[in-house]
Amino acid sequence: MTDFLEVKDLTMRFGGLTAVDSLSFKVAHGTIHGLIGPNGAGKTTTFNMISGFYKPSGGQVLLRGEDISGLQMHEVARRGVVRTFQHSTLFAELTVLENALVGTHMPFRPNIFAAIIGWDREDRSGAEARAREALEFFGLDHLMRERAGDLSHGHQRALGMAVAYASHPDVILLDEPFTGMNPEETRQMMGLMERLKGDGITILIVEHDMQAIMGLCDTITCMSFGKFLAEGGPQEIRNHPAVIEAYLGGARHVA
Amino acid sequence: AGKTIKIGFLAPLTGAVAAWGKPGLDGCQIWAERVNAAGGITLGDGSYSVEFVSYDNEYDPAKARTGATKLIREDGVSFIMMLGGDTWPGVQPVADKTGMLFSTLLPSDLSPDTSTLIAPAEVHPIYNVTGVEWLAENKPELKTAVMCAQDDALGLPSVATYLAAFEAAGIEMLDEPLLFDPATTDFAPVVTRLISKSPDIVCLDTCYSDYVHPIAEQLFQQGFTGQIISCTADFYDQMIAKTSEDFMEGFVFQFPDFDDPALNGGNINFTDPNGFYEEFNRRHPGQWGAVSWEYASIMDLWKAAAEKAGSASPDAVAAAMKEGKGKHAFGDADWWGTELFGIDNALVGDWPVVAIEKGKARIKDFRSIPDWYARHGDLLIKHMKAYDQMWDQRS
Amino acid sequence: MPKFLIWTAALAALVALPHGLSFSQQEILVFLTINVLLVASYRLLTLTGEWSLAHVVIMGVGAYSSALLTKKLGVYVPVSMLLGGVIAALIAVLLSFPLFRMKGFYFLIGSFAAGEIIRLLWKRFRDPFGGAKGIKGIDPMPDFSIGFYKFDFFEPTSYYYFAGVIVAFCLWILWRIEKSPVGLTFHAVHWQDKLAQASGVNVRAYRTLAFAIASGFAGISGALLAHYVGTINPNAFDIDLMVFVLTWAIVGGTATFYGPILGCVVLTVLNEIVLRELGLEQMRPLVYGAIMILSILFLPNGLESIVQKFTQRRAPDGAPERSPAE
Amino acid sequence: MLLEMKNIAVNYGKINAIRNISVAVPEGKIVTIIGGNGAGKTTTLRAMSGMLPVAAGEITFEGKRIDHLPAHKVVANGIAHVPEGRRVFPDMTVEENLRTGAFLRKDKEAVEADLADVFRRFPRLRERRTQMAKTMSGGEQQMLAIGRALMSKPRLLLMDEPSMGLAPVIVEEIARIIEEINANGLSVVLVEQNAELALELADYAYVLETGNAAMEGPADELHGNEHVRAAYLGL
Amino acid sequence: MLDLLAQTGLNAVYAASYISLVAVGLVLIFGVMGVINFAHGELFMAGAYAIVALYAGLNVPFFLAVAAGLLFVGCLGLLMERALFRPLKDNPLGGLVASIGFLMILQALAVMGFGVRMVHIPPVTQEVIAFSDKVRLPVARLYVIIAAIVLLSALWYFLKRTRFGWALRASAQDPEAAALQGISITQTARIAMFIGAGLAGIAGALTAPLVSVNPHMGHSVIVTAFIVIIVGGVGSLEGAIVASVAYALVHTFVTTFWDGVLADIVGLSLMLVVLIVKPTGLFGSADRA
Ligand SMILES: Nc1ncnc2c1ncn2[C@@H]1O[C@H](COP(=O)(O)OP(=O)(O)OP(=O)(O)O)[C@@H](O)[C@H]1O
Ligand SMILES: Nc1ncnc2c1ncn2[C@@H]1O[C@H](COP(=O)(O)OP(=O)(O)OP(=O)(O)O)[C@@H](O)[C@H]1O
Ligand SMILES: [Mg+2]
Ligand SMILES: [Mg+2]
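Top to bottom, those sequences are chains A, V, G, W and X.
Take the first sequence: its position 183, counted from the start at 1, is 183 in this note's numbering, and no numbers get skipped.
Take the second sequence: its position 230, counted from the start at 1, is 230 in this note's numbering, and no numbers get skipped.
Take the third sequence: its position 160, counted from the start at 1, is 160 in this note's numbering, and no numbers get skipped.
Take the fourth sequence: its position 11, counted from the start at 1, is 11 in this note's numbering, and no numbers get skipped.
Take the fifth sequence: its position 104, counted from the start at 1, is 104 in this note's numbering, and no numbers get skipped.
In case anyone wonders, no lab produced these hints; they're calculated from the structure.
From the three backbone atoms N, C-alpha and C, an ideal C-beta is built for every residue, glycine too.
Please note that the accuracy of each hint is not assured.
[To be verified] Quick list of the computed label-pair ranges, beta carbon to beta carbon:
no.	chain 1	residue 1	chain 2	residue 2	range
1	V	G286	G	W172	53 to 59 Å
2	A	R187	W	A113	43 to 49 Å
3	W	A183	X	R163	30 to 36 Å
Required output: the full structure, derived from the provided sequences and hints.
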């Protein structure tokens, strides 16, 4: 396993507040990497910097050795780093298939002139095939014509991942994908993520559901007050005193 | 009985420019009632009553084109009166194709391209020279002036004309003309600027009454006590109410009230001006203004020409109109305009100079526009050119 | 096959249409045809979720460009019309730099300000724009004959056929764009620009693209207008007309391609023909305002929702049209 | 019964979100509602607090019919609702958000005391009292939403997934707070995905399945129930 | 020169006063109702016509007529809330169209009732405070300035210091959550519409004797108001006031020292520049557009 995505001295300041404070960690290719920490630790902010939504106040994000910090979100995406959003962020008014088709934007870049004349048949059918494949992968193919906004919560989450998956990403960033799911749904979702991993996709995940985190992650980084706190496998983290103190607590509801 | 002649009225009746159309239509209705009551129009084959057919063009060239088509091809009118301006060029192709006779209130619409467009009511803004000339003769102590106008199709030629008139009269301009946006509502800054140079005369050009009133009020409140000259002073009684009789004393402009005794003279071609004025004010109190009578005065001219020709056909009427001396509202006049408009389709003669005396507008004099032009035409052309207002400069 | 028949019948009806109308109605038909292109192009912009108040000024850019090209450079009219569209699109690209820093209400008013600045420039620079009086005597489309039909472009019917063909072609392109992956991306940019961006869509570029295309077609509609009426001036492209375009689109409904067109046709016919015929001439603004309010209260999804109800009943489980907006 | 909801049905347009649901909340108790996604838990809470009109059935609070009242009047009766998805006022500061919670209260001094109390429970909120709510992290906003509800000094607190997005330590803290305020006499309706937590806290529980009440009973009984364990506890 | 500067300053203060009255009302309505009230300029116009009818027509004492104008236009606001914006509350574009329809109706009613031409209002007072020969402040303008200061301060106090202020701000940001705090959103909508419309009405009423009252007078006012609230940041009252002052200063000084058309171009360009530098206006926040 190689270092694939690396965060180096990443810093984000909002006015007087340093939300992320020279944070460094490495994500190995083909793994599921967890990022945990107390509320307000700076996890979402870190995600926002990696995905290009924020421009870091300092530090670097390296993808395969290339510095991608400060690039715009679509430029980051085009380098293979795709994110999903907290809450179900979808094209609610479009159909499920159309959602997935938007996901194929990168591999099948639309061309307006070809589209008008009708010379893009191949691309269109290629995109559609890819979209269907992604939907099938997440077991959504029977819902293809539904409006995305009408889907159940769980299906919406799956669709969000299908949209990301359709673009052939190398890395997927997931921000709290398990919120609002019951244990059964959580288990299904975990299965989907394992499949993504099986497909060679690297996953970086922020989550407060310890059942999921511990069950899924190869490596877990814990941060607190914007700073690195600990890193290790699930077992290590579960028993790490600083993590217990800052984050896990007595863990009476933690799996 | 039973036979009617239809006359088209193609002007804005709704929207922001409606004030230039609606009162005119009101005046025409009165005109038609009076003419019809007096037996209508007598042509070769008997007498006809007159009916106005209106079309609201919303001051839009495309709608004006549609309206002209409707009036000519569907309603069968014999003559169309327009406000002109923005809307005329849209109608021009229709006029060219159909040969219909049109009139406009804005002579800047005239061009050699269309021989069937006439401007018989007023030759805006050329008559304004008469006011300046009169002022220079009667108050020679006034030496300096400033002016302002809205930056639009009426304001600019007016600015050029007044510049020429002041130059001809030897009155010095203290400042460049101040142009303001037609959407202006607060005139304090404009007035502050105008009087900052302490001029003897403030000239309001062809400001619309919506501007003249607040400007006059501001002049009063900011302490100006000198001479004011303006093209119009509609509702001047209200201006007096807002300022004072003293302040408004001697205000010079160009549009008389039609109850002025001077209009009963034999030179006047408008039928019963006093009666018309009274009737209009009875029906539309507080709405009297220049447009109220101008369309009606055109109808007087048209009626005379049609009766002379014995026919309502546009060609015949046009020919009859142009034969001999023209009968302008304020006296005999000539068809004139080649130098400025490229065609002699504007009716020019004497024009009244009006001044306010003890709270009432009084005609002080009728002055000849052609006489002034014969002496100072070059100045007018110079200034018109500077503002791109010559007919061949208008793209 | 019945689809083919429907289209042929519609085409025949459109060809026959002017012959069933009075002269002034034929004139209105010409302007209506031009406005259909205007409002349909406006819809393309709204696909990305932005509502501009500069669209009519951009139409004016096309009109001014085309008029000046023929007047000053003697460019052949149909060519200058096309160039008018191109120039309008280029201006839109320029405007996109400041404007697309803004969104929503800010974009709405920002675009209004940009449009006003353009209009003030027309007013202020009498050379070459003619100032407040604008440009007149614009060359008409030269007459020509195609054997069995002689085009006399003074006649509304001829111009209607000419403009109709151009507008139909433009609508076809707009339709193709909307139904293409590009169109889908426009929708995506509208509904969730963040997610679109995360999917690799250059949101800014797509907004600009939609703005430029919409503006190009608006420019062509402006050119069509200029060479028919023969005159243009800054006031003809002011906020009043823009408000009409906006209300055509919203009253018609913006969820479908035909919604805004429907709105344009129905409201224009009501305002220019029905109300005038009823002799309500000076009351038209009152009645028109009331109609607008009532239609939006009772048909919040636009006139198109009536059509949708009708067509969806007939085709219950075909691919559904995009669902109602907002 | 403090609150009683009888045979309630709620529709979204043509969709029947809940069909026939009855819930009773005894004075001073914690009642939980659990169920899968889309079962209608949120809808039930929203019906209770008057945010949704009910299509059938009746709701009484302290013996008074409240099902026809608009939300702001329901709340005035002493019900507070921590809505799903936090719904803090984005452009108000933390402190302003909290004070809005006390909008209907006239007892100024007690309000100050309660504010201090909320700050004691959530020190992070005190630290950030002048930060705009929208820039708070997800979990911080959740704390704020709970704090805001407490500020109205309700007699019945409706909580829609209060543990959502919170770190385990904070979840524990929330659980403690719920127990504590309940001990002070406040009744609670708790909607949770975290059924384990919910059943542990609650006295009585309802299980919803697609708009219908599937099961109800004392919380510890349901905790032992096979079906519940399989479907909602992941055991 | 000093005189000229001073007089221009006074002119600017007056302009800032009436612009901010109108703009703040518009901001308030947008903030709470979430609709762009295109008819706001016509509410201003309605306030002016109230003076025409009452003060000029029926000789009601001026300040009584102004109060009546405020009430009348405030009630128009309530009417709009009930008849248009409440049924369309989930449909901001629909609200916009409805307000345009309302605008047309108000204009047409003004034409029917009072004619297309400007109407006249006798002066309220001709008194002028003369600081020097060339620096003069008409008392009628002073009324507008005082009204703006008093009303806007009162509004500021109302919004920042009273429970209703909280209610307005909260329901502007999240109506549902506001309802859960015991805030009646219908009530706040009514209050906002009444105050917002009323401010436009009183601005129209107070300035009526100073401007040309005609059915289309609302147009230029609303254009200015739009510019001002965009520069200030949509939804921000402080922003609207600051931007009104800035706009009035720039516009007045450019008009006086260069010319009026240039003032418009400068005003609009300045607005674009502000938006380019800060796309959400001076006091605006990103999420509220
Ligand atoms: N725009 C901003 N302005 C000011 N402070 C901010 C801003 N965005 C985030 N913060 C602060 O930065 C800190 C980190 O926030 P972030 O959203 O990254 O936390 P998080 O780790 O994702 O927390 P959670 O698990 O609760 O979602 C928080 O304290 C938050 O209040
Ligand atoms: N605004 C709405 N419009 C239409 N349908 C809705 C709406 N809100 C909820 N529904 C539907 O009503 C049903 C019940 O939803 P509800 O939100 O009450 O479920 P829930 O039990 O709270 O689920 P979750 O655990 O996901 O929060 C679902 O089928 C949902 O799709
Ligand atoms: Mg977070
Ligand atoms: Mg829920």
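### Query
Taking each numbered hint in turn, which are not upheld by the structure, reported in ascending numerical order?
Violated hints: none at all, because every hint is consistent with the structure.
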